[in-house]
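Undergrad: These protein sequences, in sequence, are chains A and B. Its first residue numbered 1, the first sequence is counted upward by one per residue in the numbering used here. Its first residue numbered 1, the second sequence is counted upward by one per residue in the numbering used here.
Since the hints were made in silico from the structure, they are not lab data. Errors might be hidden in some of the hints.
Claimed, not checked - What follows is a list of derived Cβ distance ranges for each label pair:
1. A:LEU14 - B:ASN33: 18 to 26 Å
2. B:PHE34 - A:SER289: 39 to 47 Å
3. B:LYS462 - A:LEU14: 49 to 57 Å
4. B:ALA203 - A:LEU2: 41 to 49 Å
5. A:SER51 - B:ALA183: 57 to 65 Å
6. B:THR164 - A:SER64: 19 to 27 Å
7. B:LYS462 - A:SER51: 54 to 62 Å
8. B:ASP251 - A:THR15: 40 to 48 Å
9. B:THR171 - A:LEU2: 19 to 27 Å
10. A:VAL28 - B:ALA298: 51 to 59 Å
Unchecked claim - If the Cβ cut is set under 8 Å, some of the chain A residues that face chain B in the computed set are:
11. ILE5
12. SER10
13. ARG65
14. ALA98
15. ALA108
16. ALA109
Keep in mind the model is a prediction, meaning the values are calculated, not measured. Quick reminder that beta carbons are idealized off the backbone N, C-alpha and C, glycines included.
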Amino acid sequence: MLQNIDIPASSGFLTSFTNLGNVRNRGVEISLNSRNINKGKFHWDTDFNISFNRNTVINLGNRSRIVSGENNSSVTVVDQPMGMFFGYKKAGGFFTSADDLAKFPRNAAQTIGSIRFEDINKDGKIDDNDQTVIGNPYADFTWGMTNRITYGDLDFSVLVNGSQGGQIFDFYKRFAYNQDGVFNVHSDILGAYKDVNNQGNGNVQSTGSALAGDSFSRGSSEAWVKDGSYMVVRNVTLGYNFKPKKYAKGLRVYFSGQNLLTLTGYEGGFPEVGFNGSNSLAPGVNFGSYPIAAIYTLGFNCKF
Amino acid sequence: MKNILILLLTLTLVSCKDNFLELTPDTNGSVGNFYQTKDQFIQAINSAYSPLQGIHNNNMWLFAEVRSDNTSYQLNTGDRSGTPREEIDEFRDNDQNVNFQTFFNSSYQGIGRCNLLLTKIQTATFEEKSRNQIEGEARFLRAYYYFNLTRVFGDVPLILKEVTSPDEAFTTATRVPEVQVLASVIDDLKAAIVKLPAKYTAADLGRATSSAAKAILGEVYMSQKNYTAAADILKGIEADGGYALNVNCADNFKKKNTSESIFEVQYTEGVGNKWSSFIYYFAPFNSGTLATGYALGAGSAAGWNIPTQDLINAYEPTDKRFAASINQNFTDPTSKKVIPFIQKYSNPPYLERFNTGDNFIVSRLADVLLMQAEALNEASFPNADAFALLNRVRTRAGLPAKTADNVNAKLKVASQADFRTAIAQERRIELAFESHRWFDLVRTGQAIPVMTAHAIAEKALKGYILPNSYVTINLKFPYPFREVQITK
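Build out the structure end to end from the sequences listed, making use of the hints.
TA: In structure tokens:
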């Protein structure tokens with residue numbers, strides 16, 4: 001792997017391009033092309049493809065792990081895929097009282113109304129050592145299907161594709177859950193912890209603890225890892241070919257629509273473009289991105 | 001024909017050396033082709049100074065003043081983005097606090113530049129006097145960066161050579177005991193003292209001098225309670241460097257590089273990105289144009305380093321330094337309470353907004369005289385020299401001398417312990433807001449009692465204060481999260 005990895009700042013530098021470790025990519029791709037009906041004027045073809053890819057880090061040279069991504073969003077460890085999501089596991093619930101603060105492991109910055117995290121290394125406190133792999137950005141499989149139907153001069157095609165089983169890390173919530181009072185916030189904040197009897201949606205620290213500046217509870221949390229499976233109708237085209245007798249050799253009129261329908265349980269925008277650019281050590285991290293456009297085209301195509 | 005064959009053969013054999021593929025770009029500077037001329041070394045040493053500007057503009061006052069009992073902040077309920085600074089004030093230690101990482105990065109950036117320069121200068125060929133000076137500056141700067149790192153974090157990685165590969169970046173990132181780092185600091189400062197001139201002419205004013213190295217070395221010794229060595233190294237500074245106390249203490253902050261100034265972080269107003277803006281942080285956020293002549297930054301960009309009532313009460317009534325240090329002309333329109341703010345460093349009019357040329361003083365003669373007095377008192381009491389040094393600073397401030405047998409109880413310093421108290425008081429007032437207080441409290445062992453009392457006062461004052469405030473008075477700050485994470 002040739003990667004731009006984070007290096008200790010004590011070197012005087014923050015990142016360095018390094019050739020390090022080995023990664024194994026294994027997968028199966030299947031492509032089917034079928035002519036379902038081919039009868040007189042009526043034709044129906046289907047192309048279908050599906051691919052399964054598994055990527056595993058075999059070794060990392062002399063390193064035990066690579067922490068990467070903006071604000072340490074991701075981690076790469078041996079025997080797991082590259083760039084898994086990195087953060088705290090939720091222990092369930094909030095600190096609701098002074099008793100809770102004394103009883104449960106916590107970070108010094110956490111207070112009443114802070115989210116409780118799991119003490120992974122069992123040392124009685126919550127700190128950096130308790131961050132662990134909390135999610136996997138890679139899909140179990142991705143697929144695509146095209147159907148083309150023609151009847152005489154009329155043609156119709158639909159392209160659908162999808163991805164199943166990949167997760168998305170809603171890292172933008174680090175900012176959208178920021179209750180400092182200067183930023184626009186996510187509507188989830190309405191479901192913030194209020195008191196022991198009203199704990200909201202369970203994922204947002206109390207606004208009171210924001211006065212406390214408990215930025216710790218905005219640290220990377222398992223609660224931000226969401227299923228990113230989706231299916232999207234990429235393209236639908238309906239066309240008709242005229243055969244004029246005079247003036248032109250051919251005339252085609254068509255209507256096409258792109259990105260017409262997305263079926264997904266993911267709520268943080270379009271599940272594919274929300275990915276964090278080209279950093280292969282931090283895939284699937286959503287920092288918030290512009291939504292994709294649905295495009296409708298009405299066209300005339302004239303040949304002379 | 002035969003000759004041509006031999007020639008070709010020779011060329012082929014000769015040109016295929018190991019470094020055949022290791023080319024340096026001709027069109028821009030790189031480590032491979034830079035570091036040749038004196039001018040290039042001057043550029044390199046200048047770049048080693050530059051991280052000091054960020055450190056003193058953004059971080060140092062947080063660690064040394066806001067952390068201490070000298071200053072706090074003005075609560076801004078409408079804008080909570082300043083909470084990392086509040087955490088530092090209230091001992092809610094959090095290793096993800098951005099200020100630790102930026103300070104750490106800047107410090108090691110400076111150290112890295114010094115290390116590279118110090119490697120390259122060994123083979124440089126320009127005249128010896130300049131080589132010595134540049135080498136001395138680099139060793140001074142490296143020592144100063146490390147000294148601050150140990151004062152902030154305690155144990156830190158000690159890197160004294162250029163880091164040449166990512167692997168090395170990891171192998172050198174191990175924290176070593178503070179005492180070991182300080183041994184290297186002392187070593188660097190001793191070398192700097194030998195190599196640096198005691199003074200510069202105008203063009204080089206602001207560069208590190210042997211006096212600056214002595215002053216920092218004195219402070220290192222003080223922090224190690226090595227008072228004999230401290231007194232020894234500090235006593236020559238005034239005469240060797242030709243320093244003199246300014247007649248008015250306020251002149252230290254109105255003018256740059258005065259006769260009293262031993263080392264200051266230099267800033268330049270205007271274009272070039274070498275300006276300071278710390279005074280904008282220090283004004284109450286709703287005080288309009290009062291402090292700088294320009295509007296302040298929105299919300300949490302201002303209202304920091306606000307003097308505590310305790311500090312205000314610590315001034316003696318006729319002290320000239322009060323008006324020069326603290327401004328009480330602002331009344332909060334909502335609470336109708338006076339919110340004091342720092343007057344030192346406030347020198348409007350400025351040419352443009354968020355852009356000041358005010359320097360930040362690291363060391364000046366008054367600081368050296370008081371350290372000297374402190375060190376002498378540890379050797380014997382009553383020490384006439386120690387009293388004389390203390391009283392020079394007091395006289396300038398318009399205050400009566402303190403003596404061992406004064407009839408006025410407030411001016412009587414009857415014992416060695418009383419003298420320590422008198423020095424602590426004088427340093428607190430004389431050097432207020434100059435990023436000394438917290439480190440003084442730590443090195444004199446007063447941090448825990450003073451801050452415990454301060455915590456009680458703050459909790460009484462701030463109804464909103466959180467239960468996790470002032471739980472433990474940590475003498476060092478948490479080591480930055482990122483560094484812990486990636487070195488595991």
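Undergrad: Compare the structure with each hint and give your call.
TA: Results of checking the hints against the structure:
Taking the beta carbon of each, LEU14 of chain A and ASN33 of chain B are about 24 Å apart, inside 18 to 26 Å as hinted. Roughly 40 Å separates the CB atoms of PHE34 of chain B and SER289 of chain A, a value that falls within the hinted 39 to 47 Å. For LYS462 of chain B and LEU14 of chain A, the Cβ-Cβ distance of about 37 Å falls outside the hinted range of 49 to 57 Å, so the restraint is violated. Checked against the hint of 41 to 49 Å, the C-beta distance between ALA203 of chain B and LEU2 of chain A comes to roughly 46 Å, which is consistent with it.
Here the CB-CB span from SER51 of chain A to ALA183 of chain B is close to 60 Å, well matched to the stated 57 to 65 Å. Between THR164 of chain B and SER64 of chain A the beta carbons are some 22 Å apart, a value that agrees with the proposed interval 19 to 27 Å. Our hint of 54 to 62 Å for LYS462 of chain B and SER51 of chain A holds, since their Cβ atoms are close to 59 Å apart. Distance hint for ASP251 of chain B and THR15 of chain A: a CB-CB separation of about 45 Å, consistent with the stated range 40 to 48 Å.
A hinted range of 19 to 27 Å holds for the C-beta pair THR171 of chain B and LEU2 of chain A, which are about 21 Å apart. Separated by about 55 Å at the C-beta atoms, VAL28 of chain A and ALA298 of chain B satisfy the suggested range of 51 to 59 Å. With a cut of 8 Å, the hint placing ILE5 of chain A at the interface with chain B holds, because the nearest CB-to-CB distance is about 7 Å. Here the hint on SER10 of chain A is kept, as its CB sits about 4 Å from the closest CB of chain B, short of 8 Å.
With a least beta-carbon distance of about 7 Å to chain B, the hint placing ARG65 of chain A at the interface is held under the 8 Å criterion. Look at ALA98 of chain A: its Cβ gets to within about 7 Å of chain B, closer than 8 Å, so that hint holds up. Annotation: interface hint on ALA108 of chain A holds; nearest CB of chain B at approximately 6 Å, less than 8 Å. The closest approach between the C-beta of ALA109 of chain A and any C-beta of chain B is roughly 4 Å, which is under the 8 Å cut-off, so the hint is satisfied.
Going down the numbered hints, you'll see the structure goes against just number 3.
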